[in-house]
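Asks: Heads up: the sequence lines are chains A and B, in that order. Per numbering that gives the first Met the number 0, the first sequence starts with residue 0, numbered consecutively. Per numbering that gives the first Met the number 0, the second sequence starts with residue 0, numbered consecutively.
Keep in mind the hints are simulated off the structure, nothing from the lab. Some hints could be false.
So the derived list for chain B, only partly shown, Cβ under 7 Å to chain A, looks like this [stated by the list, open to error]:
id: 1; residue: S86
id: 2; residue: A104
id: 3; residue: Q213
id: 4; residue: F246
Beyond 12 Å from chain A on every Cβ pair, some chain B residues (computed) [stated by the list, open to error]:
id: 5; residue: F21
id: 6; residue: R37
id: 7; residue: S40
id: 8; residue: E181
id: 9; residue: N221
The model shown is predicted, which means the values in this text are computed figures rather than measured ones. Glycine included, every Cβ here is placed at the ideal spot set by N, Cα and C.
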Amino acid sequence: MARIVVDPVTRIEGHLRIEAQVEGGKIAEAWSSGTMFRGIELILRGRDPREAWIWAQRICGVCTMVHALASVNAVEDALGIEVPDNARLVRNIIAATQTVQDHVLHFYLLHALDCVDIVSALKADPAKTSQLAQSISDWPLSSAKYFKGIQDRVSALVASKQLSLFGAGYWGHPAYHLPPEANLMAVAHYLEALTFQREFIRIHAVLGGKNPHLQTFLVGGMATAMDPNEPGATINPERMDFLLQVAKSAIAFVNQVYIPDVLAVAGFYRDWFELGAGVGNYMSYGGYPQGSIKDPANFFLPRGIILNRDLSKVHPVDPANVTEYVTHSWYEYSGGDQVAKHPYEGETNPKYSGPKPPYEFLEVDQKYSWLKAPRYQDQPMEVGPLARLLVAYSSGQQDVKALVDATLAKLKAPPAALFSTLGRVAARALETQLLASRLTSWIEQLRDNLASGNVRIHNGEKWDPNSWPKTAQGFGFFEAPRGSLGHWVEIEDQVIKNYQAVVPSTWNAGPRDARGQQGPYEAALVKTPIAEPERPLELLRTIHSFDPCLACAVHVVDARGRLYARAEA
Amino acid sequence: MAGSGGLLPRALRARGVSRREFVKFCELMVATLALPTRYVSAVEKTFSQTIRPVLVWLEFQDCAGNTESMLRTSNPTVAEFVLELLSWEYHETIMAGAGKQAEEALERVVREHKGEYIAVVEGAIPTADDGVYCTIAGKTALQIATHVCTNSAANIAVGACAWDGGLVRANPNPTGAVGLQEAVPGVQVVNLGGCPHNPANTAAVLTHYLTFHQMPALDQYNRPLFAYGNLIHDQCERRAHYDAGRFVEEWGDEGHRKGYCLYKMGCKGPEATYNCPTVRWNDGTSWPVKAGHGCIACASHRFWDTKSPFYKRLPSVPGFGVDVTADEIGWVATGAVAAAMVAQVAGNFVRDQIRPTKAGNEVTKPPESHEA
């Protein structure tokens, strides 16, 4: 029996540490720890709620803009503001662009190296690689000469003996199963994805001035002025053409590179349809309104909960059922740490009680994370692309059902195979395909509005803080790339009295609760095979399937306005 | 021959990029740095070296926004940086190895390339409560920064948080966060402020360092003058509207649709310096003011507290209004920066000493001063 520690877990956003107990070549127990805390909600207090989004956006620079959107949604909810239809469309376009870009980047840059052995690509025959590529896709970059060029580039890197980012990889590990040709193809696509993400995200630059950290949201709408005849307007016909062209390039890349690669890789790792299931409960707040944000029934991605892997029933989501535990988190509750609190009645008194750095192991039977443990009706919930896909599938959303059924048929796998590490990978890819397609239709709708002279982009009725009530509070929800995101704001005398973000990776990466129930990461790791405890590649494969985002996850506030008390040793 | 032996020229040739295009790319770097054109061949030679300098990228209290921004660089691309120009041996968000293997990679750099490697830092460093608010591999950010940044040849802080503590340090600064140069007193740091940093500037600074083994001329905040020496307002494409008194009065109004000046909507351009309007973002596609929102002065010192609230028109100082010339406003806001700039340029103020690399690659002398 051996205790393994992976810290830092790399190829993620933020600072995550996993400790695991390995018995008989498998993980028996695992503990997930977030090791960084900033306290952004505390910093937001006393500031202008109209600019909260600028601050909140900095919760994360990878899924940039998701917190901006949740923030303006929350303030608009508090002040009773309905945004113009054009603003809704621009927000959907920005969000879909974010998710498509983020998912592609995640698969190639952050996850692929758990399944792709770069060094093995040197042994590939470029001609056979070309045959393989052409057998699964009609993507034009597939000649033997092209793959030879890629191989030469890798070969020069290896010959230089300076392997750069790839120097500390797990090359030659027995858990790598791809043949050399598939590895070479994947390396080529890794490099192509780097180019794709950079060019595709120019949609954000046009609409938001820059990416990451767009600068275009407004409480009440967007700063993207529209005019069919003005070259100085952010949205004009010429730029709409550009957006459409870039969006279509994404459909090509996703359909001809990303999806075929996921299917090809899945074929070599079929045992991962049986591994990494996790807690078996899945939640989605829903997102991408196609009408008023007040009515979840019109959301492109529906709202709901799947319990105990039962796809026959979708349960409703009631935010009143959300609570958070700090039993194993570095905080204190005044009423004792065994009791869960609703976020709106919660308190945040950070009190680090872990080992003094530098340390070797955490005290996992005590407190061991900066993340709280959120629960829904006392149950842990997995959130993210798989949760969204399952909720949409079970809700009978036609686009989703058709796509999932067709994909499962290709993979010769039953729907239950989705409850797995590979299921998360597949769900993320399918969601990318759905959103890339929907993205162009939203751009077309915006273009049609522009052409018809409908240029209203901002509702300024409540822009002046003097028009606000003395107190107000509101919620903003959104389905971020990594899952269900909620922001809550309380406004008093024109400034923020309290602010809270309840974030996707907190649901997934949180620690145990008072009853000892594991969080989704912890549960998913159990039974994961570990061929070499010194090189726990398989552990990374499952953790990365969640696409961790830890900067987002550590978020806390004392919603009742108690003073923040720093731990005094 | 210059441009033939290194990994980058080889890789470019293999991709069908001609020598002429490669030289053009070197010229672009020289232009970004505001260097005389005679330095093109020096840059070209740098990109042709066979042994690549080592870089490590540390992340502390960050959002990874500066990492993401770096992934958007196009001249050179991130792939060229990582595969052909540098040996990028540690960077949590994108490196292959994890845990023990990752930590060994970092330790090996500090041990085997002591005094030779470049350390890039992203994110603030918490100092309250013995630094427990950010640990990696069981060590605090402060322990890691001290170890890595006192053994490097050069340190570059990317983004507002690594420079001055950024948003993490904003009032009430719950974790006692500070930037690198404050956390590790005595280390030389080049600060590339901005939220995030603009990767075009970072690429230019790296190019300058690789070419001359020195950092470019810096201002009093240790920011490169080529990027932080000019007022946004003076470079702004909406400036003519300001001068003519044409302003956006409400979001989405006629003035907004016609691209009028955003000053009345809270734009901080008149008191912020940065080359944002000229370099722009994402392959030069746009920048925030062009896209319709005011500047928040994200490259200014402690901007989160000093430049907010962001929608409030700049404070009225005597004579400051729409009837005053922008030059006067600019002088009020940037007098200190401008004065420092003059002193530094005139005195050929270059912070870092020449440090030969282990490879003994030939070093070209930097320009006497940064004449444009």
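Asks: Next step is simple, just say for each hint if it's right about the structure.
Replies: Evaluated hints:
1. S86: holds (4 Å)
2. A104: The hint holds - B/A104 has a Cβ within 7 Å of chain A, the shortest such distance being about 4 Å.
3. Q213: violated (23 Å)
4. F246: Status violated, d = 13 Å.
5. F21: holds (16 Å)
6. R37: holds (30 Å)
7. S40: holds (23 Å)
8. E181: holds (17 Å)
9. N221: The claim stands: B/N221 keeps its Cβ more than 12 Å from every Cβ of chain A (closest is about 23 Å).
Hint compliance for this structure: hints 3, 4 are broken, all remaining hints hold.
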